[in-house]
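Q: Residue strings, one per chain:
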Amino acid sequence: MSAYILRRLLYALPILIGVNLITFVLFFVVNSPDDMARMQLGDKRVTQEAIDTWKAEHGYDKPLLYNAEAGGLGALTETIFFEKSLKLFAFDFGQSDSGRNIGYDIRQRMWPSLAIALPTLLVGLAIAISYALMILFFRATYIDFGSVVLLVAMMSISGLFYIIGGQFLIGKLFHLVPISGYDRGLEALKFLILPVVVGVVAGIGSSTRLYRTFFLEEINRDYVRTARAKGLRERAVLFRHVLRNALIPILTGVVAVLPLLFMGALIIESFFGVPGLGSYTIDAINRQDFSIVRAMVFLGSVLYIIGLIMTDISYTLVDPRVRLS
Amino acid sequence: MSRASCSLPLLVAAMLLLSGCGEPPWNNPYPASQAGQTILYGAFTERPKHLDPVRSYSSNEYAFIAQIYEPPLQYHFLKRPYELVPLTAVALPEVRYLDADGSPLPSDADPSQIAISEYLIEITPGIRYQPHPAFAKDEHGAYRYHQLDPQAAAGINALDELPETGTRELIAEDYVYQIKRLATPWLHSPIAGLMGEHLLGFDALSERIEAAAPDPVNSERLFFDLRQVPFEGAEVVDRYRYRIRLEGRYPQFVYWLAMPFFAPMPWEAEALYGQPGMKQNNLTLDWYPIGTGPFMLSENNPNLRMVLTRNPNFHAESYPAQGMPEDQAAGLLADAGKPLPFIDEAIYSLEKESIPYWNKFLQGFYDSSGISSDAFDQAIQFDAAGEAGLTDGMREQGIALVTAVDTSVWYLGFNMLDPLLGGDSERARLLRQAISIVVDFGEYISIFANGRGVEGQGPLPPGIFGHREGAAGINPYVFDWRDGRAVRKPLEAAKALLAEAGYPNGRDPETGRPLTLYYEAMDAGPDGKARLNWMRKQFAKLGIELVVRATDYNRFQEKMREGTGQIFMWGWNADYPDPENFFFLLYGPNRKVEGGENAANYQNPAFDQLFEQMKNMDDGPERQAVIDQMTEILRHDAPWSFGFYPKSFSLHHQWLQNVKPNLMANNTLKYRRLEPGIREQLRERWNPPVLWPIGALVLILILGAIPALILARRRERSAAR
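Those protein sequence lines, which keep their order, are chains A and B.
Counted the way the working numbering counts, the first sequence spans residues 1 to 325.
Counted the way the working numbering counts, the second sequence spans residues 1001 to 1721.
Just so you know, these hints were derived from the structure itself, not from any lab.
Cβ atoms here follow ideal geometry from the backbone N, Cα and C, with glycine treated the same way.
It cannot be assumed that every hint is accurate.
Claimed, not checked - Every beta carbon over 10 Å from chain A, so not counted as near; a handful from chain B, in silico:
no., residue
1, Gln1037
2, Arg1096
3, Pro1163
4, Ala1192
5, Ala1212
6, Pro1214
7, Arg1227
8, Gln1228
9, Leu1350
10, Ile1399
11, Gly1484
12, Arg1531
13, Gly1620
14, Val1659
15, Glu1716
What the hints assert, rightly or not - Stretch by stretch, here's where chain B covers chain A in the computed footprint (C-beta under 8 Å, at least three residues):
no., segment
16, 85-93
17, 252-261
All chains should be built: construct the whole structure from the sequences, respecting the hints.
A: Right under this line is the structure:
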């Protein structure tokens, strides 16, 4: 298995270089280093001299991808792309264009992101699995039909509607929790309720339908028929046999997204004023802070790759028939 | 009925009863420990980029640093027109003029003779800095944290990890130190270019600092003591006096002395933050300010909140005893002579979205708020005379409305370098005048700004010396004065001008096709689409086809710098209340293509000559006469269609006192007074927890579960199929 993991990690290198290159090109198609300097220095009374000094100090005074003036290898290494990318692979994110330490900010902001993402995932998972099992239990009844209609309707509604609706109903009309905000320690709990509820409700439609499909695939298998033939009650069949086997695709899917929980939820964090990594990324895009954008895209790619490797490993753990080679 | 189902109605009833028991609101976003305290609650929508007074240059940053840093002068809180008064200075500085030989000149000397203007500023003794680790000393009198071990410094992540603090008296040297910081190249002060034109020897100082300072280590600039660098533009006279020297005459300089750029900076702060490893951990002046003002930044977490707490070392300053005649009736002089500040703390929370911000204001969790477009109809209604007032709902909540016309102008600019629209030909001028008539900014204000604006008649908004109200103040090329108000000229007048310009019915005589003009738009999003459609319709009234070239702000700025745009819309917010700060936007040598701020690239020798005369004059009838001439030239030449002066509407709750809009002063937090008892009572009244929906939800679930359970039991008992 270790050889497999090592190989996958080596495969990851060109992927990360590619992602980094695409991010770089997309960013600089829209923004020039001069634009970035203006964004940092402000609009009023900025001289070209100040812009040039800023670029020199932040390493944006070189050619983007190819330095025709430098000889040999320098043509590639004495460029913004190379100099800004090299340290990323050592996870040294350096400083943002506004002068903040990115690594420090990420360490600070990943906890609020996790505080929302983790309970949303776990509560959502528990509800979706329970609901899917219930639908399965009552399959081909009015409960099954009504639930599917409800789930499709829930899937069709925009996530933004759940956020604004949740804030309006629970925060504004019922006065049960703060509409938005965040705090440290236990004080954070009252701020987490609403985004977690909204996150769970917004995700319940799609995940329950998916899990229902997984369960339906299992329900007609031979081992289920055998269990029923043995005289087991339907509840026992579902919980002891069907659930255990259907959990394989569910859990492996969950494992894949686990590392990405650190990255936060872009819209939810923004609307609820949660200082997580999602809002960090959005802010950086709005401020044209390439250093943060590049660091977050890189981090997201790394976490995604780790998630995929973990998924492969989890297959071998939950299904002994699977071998990594 | 089971025991569980019997207890349910009791549970719901208990919840409903509990909901009115007078406990603190459940939706209160603040800790219960803050109840009853004189804490002002506000919000900010965007993280401030800079808190270093040498770099900061935007209103959202000034909202914080103006409460912390104290320049020598400030604007009077109540008096209008805006008036400069001393802050840390003993008095307003007196200016002395010198000729090229250094001989004194009289105050009314010809500006061409003045080689140097000399300002002597004396500060009040006894002012002390906020408690700060930069001043902490050990038992031997050595600075406690100025020689930190690099490894120890690398482990410090926040300033409060340096527990010992100290203070010291404010001295003249601190002001001179800050002025030298303006010239420090790596600090990128936005006004360095401007100061280079005025402060004596400023550019040379910049070069000296660059040459003498050590190179950065690991991209960190280590402490470089600017006290050792001589500077003829700003010198310490004695402990409490310093002298500033300007090249020539620049009367507007005193306004800069009321801005944080000229606030004092103790060298000890740079010595602390300039140690190796500090910047890596975000310990910089850009993050942790240090000042003598009424407040100090006790928490800086711009991703969540920023907290200003009362500076225990704040010097004696009292609420103004004089104001405008109407201020007495408005209760704005009730606190006259009382020591400032009135509040202990101000907590500003990050609110990126307008909807939660507005709802939390209505719930009483913010003391004041602006009005977003979404909430405008809920808050404001216009009476028959067109005057804005509060809706009944707002009045019932005891909310007050404060309005003020901003010292800003939005305009439709014509690129004077454009071969079709630009230049000083009669044809182009008539075309620009026709467009100025037909683009109805009154309608624009009504549709897109909810009526929050005043149609522009010239470059100077109300509140700036030189602005004229009434019939004498209208732009006669665009408006007529009828029934006591300015009325836009009819479409026929614009068509006649267009025909005179050689484009009858908006058609180009050479091609016979509609005249095509190009509009550079920086608002290409969905919100901007309606605006762009409206703009097309305005031009279509004349038969002109307007092609919108929508782009992002970066590209828009690039077009402006290169002078390749044709028509555009842009704005300007005054730095200081002087007409020079608006007319310079049309001053020839200040053209955008030459690196200035004159985006229309307008150049008229007569106007430029009058500008040079006007900028050196004191306010008075003579200056007004010159301004009138300049305004007339601009109205005639029409390099801008004077769009509108935005009007700001803000709301505040009844428990917040001493609210008077002051568009120049940023340090107004110290004047605010709160009545937290009223706030607590109203918050409780407005936010009772409504619990029946939870009971109803539980009930629905239980009621839904009963038939499901029956069905399940029947299924289990039925024979296998």
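Q: With reference to the structure, classify each hint as holding or not holding.
A: Hint check:
no.: 1; hint: Gln1037; result: holds (16 Å)
no.: 2; hint: Arg1096; result: holds (27 Å)
no.: 3; hint: Pro1163; result: holds (20 Å)
no.: 4; hint: Ala1192; result: violated (7 Å)
no.: 5; hint: Ala1212; result: holds (17 Å)
no.: 6; hint: Pro1214; result: holds (15 Å)
no.: 7; hint: Arg1227; result: holds (23 Å)
no.: 8; hint: Gln1228; result: holds (22 Å)
no.: 9; hint: Leu1350; result: violated (5 Å)
no.: 10; hint: Ile1399; result: holds (16 Å)
no.: 11; hint: Gly1484; result: holds (38 Å)
no.: 12; hint: Arg1531; result: holds (20 Å)
no.: 13; hint: Gly1620; result: holds (28 Å)
no.: 14; hint: Val1659; result: holds (24 Å)
no.: 15; hint: Glu1716; result: violated (6 Å)
no.: 16; hint: 85-93; result: violated (count 0)
no.: 17; hint: 252-261; result: violated (count 0)
Violated hints, listed in ascending order, are 4, 9, 15, 16, 17; each of the other numbered hints is respected by the structure.
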